[in-house]
Amino acid sequence: MFETFFPQLIGLCTGALLLTSALMVWRHSLLASIRLLALQGVALAALVAVIGIAEGESELGLVSLLILSVKGIGLPWVLAYQSKASIKQIQESTRLNPTAALLAVTLLSILSYVVVSRVFGLGDSSTGHAAPIGLAMVLIGFLLLISRRRARSQLIGFLVLDNGIATTTFLTSGGVPILLEFAVSLDVLLVVLILHVFTGRMRTKFGGTAVDQLRELHD
Amino acid sequence: MTGIGAGLLLQLGLGALAVVTALLAAPSLRSRAGGILCTLIAVTGFITGLAAMLGATGGLLIPVALPMDPLLLAPDRLGGLFMLIVSGVGILVSIYSMSSTSGPDASRTAWVAMPVFLVGMQLVPAATDSVSFLLAWEIMTLGSTVLLLADHASRASVASAGIWYSAMSQLSFFFILAGFAVLAAASGGTSFSNLQAIEPGSAAANVAFVLLLLGFGGKAELVPLHVWVPRVLPEAPSHVSAAMSGAMVKIGVYGGLLVCVRLLPDGPAWWGIAIMLVGGASALYGILQASVSSDLKVLLAYSTTENMGLVFLGLGASMLLRGYDATAAADAALVAALLLAVSHAAFKSTLFLGAGAIIHATGERNLDRLGGLGARMPVTAVAFGIASLGAAAIPITSGFVAEWMLLQSLIHGGRQGGAVVSIAASVAMPIAVAVIALTAGLALLTFVKAYGIAFLARPRSVEAADAREVPSLMRISLALGALSVLALGLLPGPIAALVATTVSSDPTAAVQTVGLGGVSLPGIGAVLDPIMLVVLSALVAIPVIVAIIVSARRHPHRTVDLPWGGGGSRARPRMQYTATSYAEPLVRVFDDVLKPSRDVQVTHVAESRYLVEHVRVEQTVSDVIETRLYRPVLNLFQRYGKAARHVANGSIHRYLTYSFVALLIVLIVVSL
Numbered sequence: 000m001f002e003t004f005f006p007q008l009i010g011l012c013t014g015a016l017l018l019t020s021a022l023m024v025w026r027h028s029l030l031a032s033i034r035l036l037a038l039q040g041v042a043l044a045a046l047v048a049v050i051g052i053a054e055g056e057s058e059l060g061l062v063s064l065l066i067l068s069v070k071g072i073g074l075p076w077v078l079a080y081q082s083k084a085s086i087k088q089i090q091e092s093t094r095l096n097p098t099a100a101l102l103a104v105t106l107l108s109i110l111s112y113v114v115v116s117r118v119f120g121l122g123d124s125s126t127g128h129a130a131p132i133g134l135a136m137v138l139i140g141f142l143l144l145i146s147r148r149r150a151r152s153q154l155i156g157f158l159v160l161d162n163g164i165a166t167t168t169f170l171t172s173g174g175v176p177i178l179l180e181f182a183v184s185l186d187v188l189l190v191v192l193i194l195h196v197f198t199g200r201m202r203t204k205f206g207g208t209a210v211d212q213l214r215e216l217h218d
Numbered sequence: 000m001t002g003i004g005a006g007l008l009l010q011l012g013l014g015a016l017a018v019v020t021a022l023l024a025a026p027s028l029r030s031r032a033g034g035i036l037c038t039l040i041a042v043t044g045f046i047t048g049l050a051a052m053l054g055a056t057g058g059l060l061i062p063v064a065l066p067m068d069p070l071l072l073a074p075d076r077l078g079g080l081f082m083l084i085v086s087g088v089g090i091l092v093s094i095y096s097m098s099s100t101s102g103p104d105a106s107r108t109a110w111v112a113m114p115v116f117l118v119g120m121q122l123v124p125a126a127t128d129s130v131s132f133l134l135a136w137e138i139m140t141l142g143s144t145v146l147l148l149a150d151h152a153s154r155a156s157v158a159s160a161g162i163w164y165s166a167m168s169q170l171s172f173f174f175i176l177a178g179f180a181v182l183a184a185a186s187g188g189t190s191f192s193n194l195q196a197i198e199p200g201s202a203a204a205n206v207a208f209v210l211l212l213l214g215f216g217g218k219a220e221l222v223p224l225h226v227w228v229p230r231v232l233p234e235a236p237s238h239v240s241a242a243m244s245g246a247m248v249k250i251g252v253y254g255g256l257l258v259c260v261r262l263l264p265d266g267p268a269w270w271g272i273a274i275m276l277v278g279g280a281s282a283l284y285g286i287l288q289a290s291v292s293s294d295l296k297v298l299l300a301y302s303t304t305e306n307m308g309l310v311f312l313g314l315g316a317s318m319l320l321r322g323y324d325a326t327a328a329a330d331a332a333l334v335a336a337l338l339l340a341v342s343h344a345a346f347k348s349t350l351f352l353g354a355g356a357i358i359h360a361t362g363e364r365n366l367d368r369l370g371g372l373g374a375r376m377p378v379t380a381v382a383f384g385i386a387s388l389g390a391a392a393i394p395i396t397s398g399f400v401a402e403w404m405l406l407q408s409l410i411h412g413g414r415q416g417g418a419v420v421s422i423a424a425s426v427a428m429p430i431a432v433a434v435i436a437l438t439a440g441l442a443l444l445t446f447v448k449a450y451g452i453a454f455l456a457r458p459r460s461v462e463a464a465d466a467r468e469v470p471s472l473m474r475i476s477l478a479l480g481a482l483s484v485l486a487l488g489l490l491p492g493p494i495a496a497l498v499a500t501t502v503s504s505d506p507t508a509a510v511q512t513v514g515l516g517g518v519s520l521p522g523i524g525a526v527l528d529p530i531m532l533v534v535l536s537a538l539v540a541i542p543v544i545v546a547i548i549v550s551a552r553r554h555p556h557r558t559v560d561l562p563w564g565g566g567g568s569r570a571r572p573r574m575q576y577t578a579t580s581y582a583e584p585l586v587r588v589f590d591d592v593l594k595p596s597r598d599v600q601v602t603h604v605a606e607s608r609y610l611v612e613h614v615r616v617e618q619t620v621s622d623v624i625e626t627r628l629y630r631p632v633l634n635l636f637q638r639y640g641k642a643a644r645h646v647a648n649g650s651i652h653r654y655l656t657y658s659f660v661a662l663l664i665v666l667i668v669v670s671l
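Line by line, the protein sequences give chains Z and H. Just so it is clear: in the first sequence, position 204 is 203 by numbering that gives the first Met the number 0, and no numbers are missing. Just so it is clear: in the second sequence, position 128 is 127 by numbering that gives the first Met the number 0, and no numbers are missing.
Here chain H stands alone, though its shape is the one from the complex (with noise of 0.2 Å):
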């Protein structure tokens, strides 16, 4: 057996002795146990996926009695780094999740759960045929929605949430199924390498691929099927909202891959212009729903929806580009979306890991009732910042490398050699370009908020203020997840080199190492270098620094008491900008597109009624697909389900009388 095949067999091992575990162990043992055990899952699918990155072969044949191709899992590159990515983020969890010790997270349901999820996860882009892809994909699926029902006794909205998500869920493995069933009745079998040998412009690949797509995209939360992200992303217990937002909407991206890289390459051009259309309006939509919230998981949950557009937006060009022969251009999109994705692990799930502990502490994730934050829980906050950093694409992060990378590639993408390479590709990236401007802008106020208002200026609330530093293994998990965003930001040379074999066939024609370990992309003629950018302005810093520490020397310190206090030491916390009040100028320009419905309550005075006693205002913000799309079709079922209760109604006799019916149907039938 090869390495790769005992790693994976390693994983399934200790999935299932993760799960004895659970079932057996003490209530006191549980979470630490548990949690040994699934960090060791992760670092096991960590290593593996790490050795089939660098091109380690080898894999775990499952044999099934079937009349089908063989069930293998063996992956490839690609398929390597999605593990590393997905396990990745399975460690951080894994690490923060052994601190709950009592409560709904440290049940056993949720333990049993947790490594059923981290292995199937691992394992889906470990699949080289679609059956032990869509099986392993079930299991992920099973693993998620067991967890998130894990608070479902406390509150009514886990279970509305519950019923979103395996909807959603399904909705999308029907989807999955059905375009791997066109693409198996097409090609005459079952694997991967069978499914290949499709003709990209025949009717059952195009057939296939908005099935595909319509499938991946409900996994990767993209417009308009992402209307289960900000209802099962907030209600879920937030280690799990992490491994969902930065594991395993990553699997949908994967998804996307594997059929726009892999199946189905060199597709027709409408196919990258509809990748690009979708990414870049989830992009949009998600980026406004977020900068508008003040629920803090509802923010990061419509923040992944922009991640996501972004990277699907960055697979679009790249399959545009490589229409058109553009192939550096194409490959540096196709690594730019890859970063995105990597980075997104990176940072989101520090920030949904980040919620949590905020919700340890005060047990509030609205963010108007937060604030203060800062001074209370110094480790959080420092490791919240650097990913807000991360997610606001803002230089030495990850974020920033990824999208720098992508507007690289879509400005200089549309000419080759100073010759236009499309009409459409020309009208199609400054589009996209623009639409990745307003993106980065409106993510720079998002997180500007969700930091400044959750830790910055005073405590809004008695819980903000009575908040306590989390316990240390929540810490450090935190700690490793920020690290990882800044490792990705100054190191992206390396990275980004490694990304390019997974999906280059001239990895270094499109992405080279630079200076200390800076990025070059030598198609395209465009170079950054992280640490030399930090040393530049370092070496611009410190005189000023210099010169300001002089200075203070020279003046003497002065006590200075204002005698009325400037007006600030009497302000109260209500006075402060809240999250709502923050964000009110963009609900007034994006008025149209968000809808907000406002309600004014004013009480007057019982004397007169030109004095107000209290003012009431409520502004709430729908979601517009919800309401317009989801909720007529919705109706519509409902109706049809309560007319169809008359047809099944608990009576034996009358499902008997169906049966007897249809038969005798079936015998007169046969029988004319």
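Pulled out of the complex, with its shape left as it was, chain Z reads as follows (with noise of 0.2 Å):
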């Protein structure tokens, strides 16, 4: 029964991946992106529980689990920690116009299916087949991080990121160990709750985030 549906459920789970990546870059609010952020990190959880039930290994429940408790309600609740009334303002003004944002993110992915398929194969399972939507998370959270200018929208794109690579991993090889999984989640809080108090620095010290006018600082 479960073997029928396990394909079409890496299907959706990596599809809902991939698009709330393109979504994220076509979107300019903040709060969105951050909405977005947590879908993909439920999303992250569901395709490593269903893994996990496919190969019948705990371990990757208590993964999963732990994904959803980090990328999904951690770090987005993190991120959005401030009022509702005044996140609703952020409006992130890009350096890549939407339509040109879009068919970046259709020729990142086209790439990765190129890069993966011509150099790793694509493999019989169905995992290895949507083994290109990481690497093509990893390059579109790389398009994040140089077309957004605030802080925070920077961080959002480190956060895909990084999802891209754990996806990457869950899929070519199974998932890692749960401690390292756990390692690797902390770190990422970590970096993600140091950046946010340095935003807040920032913000009080120059009145904006906008990492553009950093630049005065060199030399």
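Not one of these hints is a red herring.
Listed next, with one range per pair, are the computed distances between beta-carbon atoms:
| no. | chain 1 | residue 1 | chain 2 | residue 2 | range |
| --- | --- | --- | --- | --- | --- |
| 1 | H | 61 | Z | 190 | 36 to 46 Å |
| 2 | Z | 190 | H | 640 | 30 to 40 Å |
| 3 | Z | 190 | H | 55 | 51 to 61 Å |
| 4 | H | 665 | Z | 122 | 21 to 31 Å |
Calculated Cβ distances over 10 Å to all of chain Z for the following chain H residues:
| no. | residue |
| --- | --- |
| 5 | 2 |
| 6 | 65 |
| 7 | 127 |
| 8 | 269 |
| 9 | 423 |
| 10 | 439 |
| 11 | 460 |
| 12 | 521 |
| 13 | 546 |
| 14 | 626 |
Bear in mind the hints are in silico, worked out from the structure with no lab data behind them. Ideal placement from N, C-alpha and C gives every residue a C-beta, glycine not left out.
Hey, can you piece these two chains together into the complex? The hints should help.
Below is the structure:
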């Protein structure tokens, strides 16, 4: 029963991951981006859970819970830790217009399919077929990093990149030991916390968090 | 642990203690405590070096986890000699610098850097593998750079000197690193015993030889890598200049010897000729610039280039002669080069310390504003005078013995048993003799100028007229330096015999002691006995002196009061010869090489064009090599550097875009 659904579930989860990444490039509102990031975390947790059930490993269930709590709930909550009213008004003015950005996302997705299939081979399993999604997410995260001006939006790009790495790991090798996953998640949480404090300081010091203005500090 | 190992460990321990003391000690105690600890470091190095030179073995193993040959500090005889030279200068400098109690020389930074510099210098000759060699080398460079910058806050030229020094040091380091890397790649190890296995004629050896010569030549102030010298040595505090010129430059010489004598002996003939060319050019160019300089420390700095040129000339001659199996002459040339290095360490550090004493007393280093210091600073004057004799290679000083021995080996080296050794040698040797002769003549002029203008005649400025003798520790240090110059000159035999054991396979065939500490070169049949010379000249001089005294007794002294003072009583100090006017004929003779720029401004009286109110003459002699060779290259770099600023403009987005684009390119390339 489950075997027939398994490829479809994998497709659903990875499709959700790719879709949320693409939508993040498209949307300009910070709140929307954070919500999409939470959704992406949930999708990643679901993907891990599906793989865990398919391979019959209870450990992956724990990992799934961990990912859900950190990437689905914890990190978005930290990022959105501000009054709802003020965060709704934050609009990102990107360095790339939405049409060009979506076009770039398409090209990056195609590129990652080409790269994975030519270099590593897609294999026969349904997880192997979905593996390019991970690389595509990494590239899209990078695109977010370079196209966003605000420190917090850049942080979201960084987290998408991290999600992409995690996705690739789970799809290609069936996950990593729980201890390692735990450590990596905590690291990411720590980075986000530090950068969050940092952007708070930036805002009080310079009145904004546009990273562009930091160039004045060189020399 | 052996005695050598314990000595090396003690140096490291004392160095660490000195750094901690400099950091923690109160400003009033810092100079004393730091100076005493630095003196102890140098004394330990001196004893360790002496023991190693006399043949003691042993060393200090530094454990590392990296996959390479072990790091071992174990000086051989040659290393011991250079450790001795470096730490001897270190003792002088440490005693001297103890007396500065305020200002940048007594700052915490300077006293932290001083032991680092000393320990680094003393460990370079102890290294037996390229990694620990480079490590100690960098420690030395780091310490000297910080010391140089001690005075940067009050003088802008120090910062510029610091940039030149850092750039040239890194260039040297790059060449040395590349040279050792080539050797290590060809031999499969980093220790010197592995590197020795390279065939000297192979391509790797040739490439490494050129790279290492460039690297060590840069440190040894050879032309055309000397451009840092006239900026750095004058701008550094004087005791630091003394340590740099007296000791650090010798480490460059040690590097040259390491390559040519220990690692790659018996190289092709062109190696020796190349080193002779570079050495001869450096000697001539250095002394020419020194002879026309009127800045005392610039003069001493350029004279260092000259002396190191002579050392390398001797080294090159010895390599060339050894290639034609003229072993005795080759050994004599090599021993002469080493003696020149030893004596240069003695007289040049004394001269720089003397210059420091002059600056301490007058605040001036421009010779044109000095004069009359002989009566006001007698100890400094005597020490500086003896060291000047050494620098001008006058008998009974160390410089003379070394240059005499070098000339002997060059004159007799071209022939062996009456037959010509080779065409190359019989062409190269006479040219080298001519170079040394010209150099010696110009050196004499230079140091007559340096001593005569600074210490004799009348003061040319108020500062010089108000000069007072320097504190006692400075005087002690100067006296020690002058004594060592005399000792090396009066007892050349035992010293030369000892030095010969470090490089020669058959030292007694090369150099022997004769008479009262005299030196004999049995291989080429030459003898020099300075004490006998002194006794002989005393035998000649004493009857003359006695006769003068007796005749003076017979004719009692009459006071003569010339009515118009012989023209001398109303002469003003401005009417005396200055350093610039003394060197004027030289500037005219060597006009084509020196390319001086002259500027004459005549101001006329307002009423008539035919009457002159005053005339201002300005003459600057710039470094031709710097303006013709370095400036164009630097301008080119500057242009590309400015263009490159647009590439790296500080925008984080731009940097991220670069890495993103790079990643995409890599992905596209691997999938093609």
